[in-house]
Structures are given as C-alpha cells and as structure tokens.
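Peer 1: Residues per chain, in single letters:
2 protein chains.
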Amino acid sequence: MNNFVWKCPTRLVFGKDVIETVADHIKAEKGTNVLLVYGGGSIKKNGIYDKVVSSLKGAGIRYTELSGVQPNPRLSLVLEGIGIVKREKIDFILAVGGGSVIDTAKAISFGSALEDGRDIWEDLFMKAGSVPPKGIGVGVVLTIPAAGSEMSNSCVISNEKTGYKRGVNHENNYPAFAVIDPQVCYSLPPYQTACGSADMLSHMMERYFTPTSNVDITDAILEGAMRTVITYGPLAYRNPKVYEYREQLMLAGTLAHNNLFGCGRVQDWASHWMEHELSAFYDIAHGAGLAIMTPAWMKYVYKENIPRFVQFAVNVMGSRMSIADQEKTALDGIARLEAWFKSMGLPTSFSDAKIPTDKIETMAKHVLEGGRTAAGGLRKLYHDDIVRIYKIAAEAGKE
Amino acid sequence: MNNFVWKCPTRLVFGKDVIETVADHIKAEKGTNVLLVYGGGSIKKNGIYDKVVSSLKGAGIRYTELSGVQPNPRLSLVLEGIGIVKREKIDFILAVGGGSVIDTAKAISFGSALEDGRDIWEDLFMKAGSVPPKGIGVGVVLTIPAAGSEMSNSCVISNEKTGYKRGVNHENNYPAFAVIDPQVCYSLPPYQTACGSADMLSHMMERYFTPTSNVDITDAILEGAMRTVITYGPLAYRNPKVYEYREQLMLAGTLAHNNLFGCGRVQDWASHWMEHELSAFYDIAHGAGLAIMTPAWMKYVYKENIPRFVQFAVNVMGSRMSIADQEKTALDGIARLEAWFKSMGLPTSFSDAKIPTDKIETMAKHVLEGGRTAAGGLRKLYHDDIVRIYKIAAEAGKE
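As given, the protein sequences belong to chains A and B, one line each in that order.
Take 1 as the starting number for the first sequence in the numbering used here and just add one per residue.
Take 1 as the starting number for the second sequence in the numbering used here and just add one per residue.
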C-alpha cells in the first residue's frame with residue numbers, strides 16, 4: 001500500500017423519501033437564500049422539483065432558479081450562476097441532478113468566492129494543481145446516479161469557446177451533503193441504467209487495476225462492491241421499479257467514487273481517458289463508451305499483471321480458478337465482463353455502436369494532449385499502444 | 001436497507017513515517033498552542049513521543065503535556081485537562097495513544113467549550129442523546145489500533161467516584177485528523193495484537209449480524225474487510241515487524257469503526273455489552289473477553305437467522321456450503337471462528353481465562369442496567385437469555 005491522505009466530509013443522507021428533508025440539511029449549513037441549479041424538465045415531470053421546492057418553501061428558504069445545465073456542462077452557465085450569486089446575495093447552492101448539474105454548482109460555488117482579478121477558467125481550470133477557494137457551499141439532491149460527483153472532490157467543466165474540457169479536483173469541492181433517494185431512479189430509461197452501471201463498475205475497476213502491491217483490504221472491499229454492481233445492474237435494468245435493486249446500485253455508485261476504495265493505490269484510468277475521446281467524437285453515452293473501451297484495454301494489458309486479472313476473474317466475475325492455466329482464467333474474466341455489458345444491451349465494439357474506424361489516429365493523439373506523456377497506471381500506454389487498443393475495440397465481435 | 005445518515009469528516013493520514021508530518025495537520029486546523037495528551041511511558045520508549053515533539057518544535061507550535069491516561073479513562077483527568085485548556089488558552093488537542101487517550105482528548109475538547117452552568121458529567125455523559133458542543137478540536141496520532149476512536153464519533157469516560165462508565169456519541173466528536181503509521185505496532189506484544197484483531201473483527205461482526213434485509217453491498221464490503229482481519233491478524237501476531245501485515249490490519253481497525261460498514265443496518269452489539277461486564281468484573285482485556293463472549297452468543301442465537309450465519313461461515317470463515325444441512329454450515333463457521341481466536345492464544349471460555357462462574361447472575365443483571373430493556377439487534381436478549389449465554393461461555397471447551 002502507498003501512503004495516502006483521505007478526507008470526505010460530505011454528509012450522506014440516504015433512503016426512501018429523504019428528499020422531503022432537504023431544507024433541514026440546508027438550514028444545518030446556514031443556507032437561507034439558495035441558488036437552485038438543475039438541468040432540463042425531467043425533474044418537473046418526475047415530481048422531484050415539486051418535492052424540493054415544497055421543502056424549501058415549508059422552511060421559509062428563499063431560492064432563485066438556474067436551469068438548463070447540459071451534459072458536458074458549460075462555462076457560460078457557470079459564469080451566469082456566479083453573476084446571480086453576487087447579485088442576489090445567494091449563500092448556498094442546491095444542485096438537483098446528476099454529475100453535470102453538481103459540477104456546475106461546484107464551479108459556481110468556488111467561482112463566487114474567487115478573489116477579484118483571478119479568472120475562474122484561466123487561473124483554476126487551466127492550471128494543473130490549482131486550489132479553488134472554499135466556496136459558498138453546495139448541497140446535492142441526486143437524481144441520476146453513477147457520476148459520483150455527489151461525494152467527490154472533482155468538478156469538470158467544458159469551455160465551449162476554446163473546446164477544452166478540464167477539471168479542478170480539490171478537497172474544497174466536496175458537497176456539504178448529498179440527499180439520495182433510490183426511488184428517483186424508477187423513471188430512468190433502461191439504457192441509462194445500463195450505462196450508469198457500466199460507469200460505476202468502471203470507477204471501481206480503474207481503482208482495482210493497480211500495480212501497487214499489498215492492497216488486500218481495498219481489493220477485498222472493491223471486489224465486494226463490484227460484485228454488488230454485477231448482480232444489481234442487470235436486475236435494475238430489467239426491473240426498474242424495484243427499490244431493493246435500486247438502493248444497492250445507487251449506494252454502490254456513490255461509494256465507487258468518493259475514493260475510499262482507491263486509498264493507497266496507484267490507479268489506472270486509461271479506459272476513461274480513451275472513452276472521453278470516443279464520446280467527444282461520436283456523442284456516445286459515457287457508460288456505453290466504457291463498455292467498448294474497457295474490455296479492449298484489458299485484452300491489450302492483461303499480460304502485464306496476469307495474477308491481478310486472474311483475481312478479478314475469480315473474485316469478481318465468478319470464473320473458475322485454473323492454476324495450471326492462469327491466462328485462460330484471466331481471459332475468461334474478460335469474456336464474462338463483455339457478456340455482462342451485453343446482457344444490458346450495451347455495445348462492446350465500435351461496430352456495435354456504429355462507430356467508424358477512420359478517426360483512431362486522431363483520437364489516440366487527443367488522449368495524450370495537454371502535457372500528458374502516457375495514459376494508465378497499471379501499464380503506461382503511449383500513442384502506439386492507444387492506437388492498438390482502439391483497433392482491438394474496432395475489431396471486437398468480428399472474430 | 002434502512003434509511004441512514006453518515007458523515008465522517010476526519011482526515012485520514014496513513015502510511016510510513018507520517019508521524020513526522022503531524023505539525024502540518026495541526027497548522028491546517030489553525031492550532032498554535034496544543035495540549036499533548038498521552039498515557040504512560042510507552043511512547044517515550046518506542047520513540048513516538050520524540051517524533052511528535054520534534055515535529056511540533058520544528059513548526060514552532062507551543063505545547064503543554066497531560067500524561068497519565070489509563071485504560072477506562074477517568075473523568076478526573078478530563079477535568080484536569082479542561083482546567084489546563086482554560087488556564088493556558090490551549091486552542092487544539094493532540095492525542096497520542098489508543099482509544100483511552102483519544103476519548104480523554106475528545107472529552108477535554110467539548111468540555112472546554114461547554115457553556116457556564118452546564119456540567120460535563122451530569123449534563124452530557126449521564127443524559128442519553130445529549131449534544132456536546134463543537135469543542136476546540138482534536139487530532140490523533142494513533143499508537144494502538146483496534147478501538148477505532150480515531151475516526152469515530154464516540155467518547156467513553158469512567159467516573160471513578162460514581163463507578164459509572166458512559167459514552168457521548170455525536171458528530172461533533174470526530175477528530176479533525178488521524179495520523180496512522182503502521183510501524184508503531186512493531187513494538188506491541190503479540191497478545192495485544194491478538195486482542196486488537198479480535199476487537200476489530202468484533203466491530204465488524206456487531207454490524208454484520210443484523211436482522212435488516214437487502215444489505216448486500218455493506219455485507220459484501222464487510223465480508224471483504226473481515227477476511228482481511230482473519231488473514232492478517234494471525235500473520236501480524238506471529239511476525240510483529242512486517243509492515244505489509246501491520247498496514248492491512250491497522251487500516252482494517254480504523255475502517256471497522258467509522259460506521260460506513262454499518263450504514264443502513266440494525267446492528268447487534270450484545271457481545272460487546274456482555275463483554276463489558278466480563279472485563280469490568282475480572283479485568284480481562286476487551287479483545288480476550290470478546291473471544292469468549294462472541295462464540296457463546298453465536299451458539300445461542302444462530303437459529304434466529306441461519307441464512308446469515310451460513311453466509312458468514314461460507315463468505316468469511318471459508319466453510320463449505322451445504323444447502324442440505326445449513327445448520328451444519330452455520331456451526332462450522334462458529335467453530336472456525338473459535339479456532340481462529342485460539343490460533344492467536346486467545347481464550348474462548350471462562351476456564352481458558354480462569355474466570356469463575358459465580359458472578360453470572362450479577363453480570364447479566366448489570367448488562368441490562370441503566371434503562372436498557374434488552375440487548376442485541378439480531379435477537380433481543382433478556383435477563384434469562386444473557387444468563388444462558390454466560391453459561392455457554394462458562395461451559396465452552398468442557399464438552
């Protein structure tokens with residue numbers, strides 16, 4: 001295990017009908033005049049908006065609305081939010097949504113506290129290792145699981161003018177609270193449940209596939225959490241309104257990304273990096289892109305650390321251990337993972353997702369742009385490696 | 001799963017030689033004038049005291065010492081500490097030790113912030129559900145693992161005048177940071193490693209044995225963490241100076257008790273309650289008492305929830321699953337747990353620990369004193385049940 005520091009101060013409020021208590025948690029943070037941030041109209045259709053607003057009104061909490069957050073949330077809306085915070089003397093921000101809404105709220109929070117003369121984009125997002133100010137505070141009502149931003153220190157924003165998508169990761173970014181009612185998932189389309197399950201599992205796999213030795217305790221915890229997603233993802237996919245399935249999956253999604261599971265481990269994240277280009281170029285859902293890129297990455301790198309892939313196969317995917325032929329066990333684990341993605345209707349190859357193969361060189365180039373020299377923690381991947389992995393993903397299913 | 005709220009803001013600083021950074025973490029909490037709380041002379045013998053003091057001096061942090069904390073930490077020392085804090089205008093408390101030292105520091109911290117006219121013992125410890133003030137702040141350098149107080153909200157103090165031992169559990173009690181270097185365990189006597197392993201495992205088992213259904217994700221995480229203790233307890237017991245064993249065990253001890261693993265579950269704690277009387281009456285180590293009481297409790301209650309005991313046997317203790325005879329599998333798990341305790345030289349019966357049987361009625365009475373109507377979450381236990389469990393513990397090993 002490597003030395004580590006871990007701190008996650010977010011109050012997790014989890015269970016049936018907890019959204020009705022959201023005003024109590026805002027009051028505990030001394031919020032009296034709230035900016036309510038959300039995306040499109042879905043929270044108005046499924047009743048979440050009404051529950052939140054009724055809780056705020058019941059507690060006499062003033063609020064101003066900022067809606068219209070889109071996937072890959074934009075800097076312009078963040079700047080609009082900062083303007084409202086200053087003009088209306090907002091003292092707390094409530095994000096009602098998934099990762100994009102939460103990240104927008106985080107950026108508005110620290111952007112509002114930025115001292116005069118500093119620019120949120122140039123001085124924070126475009127500077128590696130920058131420290132955002134503490135911010136006025138963010139609370140979350142989670143409506144779409146998987147991104148994990150509700151209990152994480154990360155905030156990713158896209159600058160639509162420059163085309164860059166950049167993150168600020170810092171302890172000051174943890175939300176004050178995350179209110180999570182698994183019932184909000186009842187209305188998610190099955191495909192979104194599948195993509196969310198793939199994303200959660202990936203957040204765990206990116207931490208699991210490590211070159212760090214002596215990590216048994218986090219390995220064991222990760223394996224348990226991964227098996228939970230393996231079991232409950234397909235169940236929730238087929239039975240969207242069963243609370244018992246939704247609660248397991250939703251808690252897994254939050255725990256997957258607060259980084260307790262990653263403590264003391266070098267992490268990988270190459271599949272995420274390669275997927276980001278895939279979804280940037282072809283507008284494919286992030287979880288679907290991960291279902292394509294992760295098995296391809298595995299097929300390319302497993303020989304680097306066969307014991308770890310055997311452990312994954314046996315302890316997570318339920319493969320039968322063969323000491324005499326460990327490679328066979330490792331490959332069986334990868335095949336089972338592909339079958340699991342397919343069982344929820346996810347693509348596992350370029351052709352499944354109707355993605356052409358002519359941009360592979362360009363995407364590979366983009367993966368390593370912005371001062372990156374290599375991708376991946378388990379095995380360092382350079383341009384040619386990344387091209388080969390995209391080609392494996394392109395060829396998958398054709399054999 | 002039941003609805004739950006979980007918040008644990010303690011900064012976990014874990015790894016080799018991290019004690020040398022303790023001053024940085026005090027400064028981050030704005031501590032400038034520190035009360036250094038510790039127990040006897042062991043931290044002077046093993047060099048931890050020197051490391052802490054050298055870090056404080058290097059950073060120009062003033063400190064006043066309060067030593068002499070004993071197991072079952074006493075109210076009188078807490079009151080002495082509060083006096084020093086007020087007299088010396090102390091602004092932060094550093095606990096260097098195990099559970100007793102940390103709990104003493106927590107009580108001094110909130111006791112110092114108590115408004116005039118309120119009595120720390122009568123108004124906080126003796127009142128169920130009392131809310132301690134925020135306190136001046138506590139940091140921890142952990143020297144003895146297992147109690148888990150370094151990342152918990154609990155604080156247990158004994159009033160040597162009245163004979164009562166009582167706790168105040170509140171979110172305000174979480175330490176600001178816990179600095180944990182597994183190397184501090186190198187000098188622990190093997191018996192203390194064994195007792196610590198039993199205590200950690202018990203903190204997990206008290207959460208694992210629940211009547212709550214649909215708790216797969218916390219079950220799976222708990223099982224992984226328990227297997228880690230099962231593996232590394234005996235290894236560290238036999239090889240005290242191997243870092244790789246100490247780190248797994250020490251992290252397990254901290255995670256066992258910050259209550260993430262207990263989220264959404266009714267917990268049991270009957271074995272702990274019964275053990276407290278055993279160690280109060282016979283001055284036996286807490287971990288040793290748990291090794292006696294836990295198997296006895298299991299033998300008495302397992303029929304209440306055979307599937308859960310089968311799951312424990314198979315997923316934690318490595319028993320072979322027998323669907324046709326689940327009771328046999330459940331009992332095999334209990335037998336394996338007893339064998340595990342014995343493998344580290346721990347007693348699993350009254351006679352192993354040379355405890356007489358004449359106080360069983362009295363101890364059982366004490367368990368349910370102080371307004372308690374029953375013990376245990378998996379199965380409610382009343383006086384006669386508790387007497388029978390003590391008798392099972394008394395008879396164990398004689399068959």
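Just so you know, the hints here were simulated from the structure itself, not pulled from any lab data.
Please note that the accuracy of each hint is not assured.
Claimed, not checked - The following residues of chain A were derived to be distant from chain B, with all beta-carbon distances above 10 Å: (1) L56; (2) N239; (3) E244.
What the hints assert, rightly or not - Where chain B lies over chain A, by a calculated footprint (3+ residues, C-beta under 8 Å): (4) 159-165; (5) 247-254; (6) 257-268; (7) 348-357.
Glycine included, every Cβ here is placed at the ideal spot set by N, Cα and C.
Peer 1: May I ask which of the numbered hints given earlier this structure violates, with the numbers listed in increasing order?
Peer 2: 3, 4, 7
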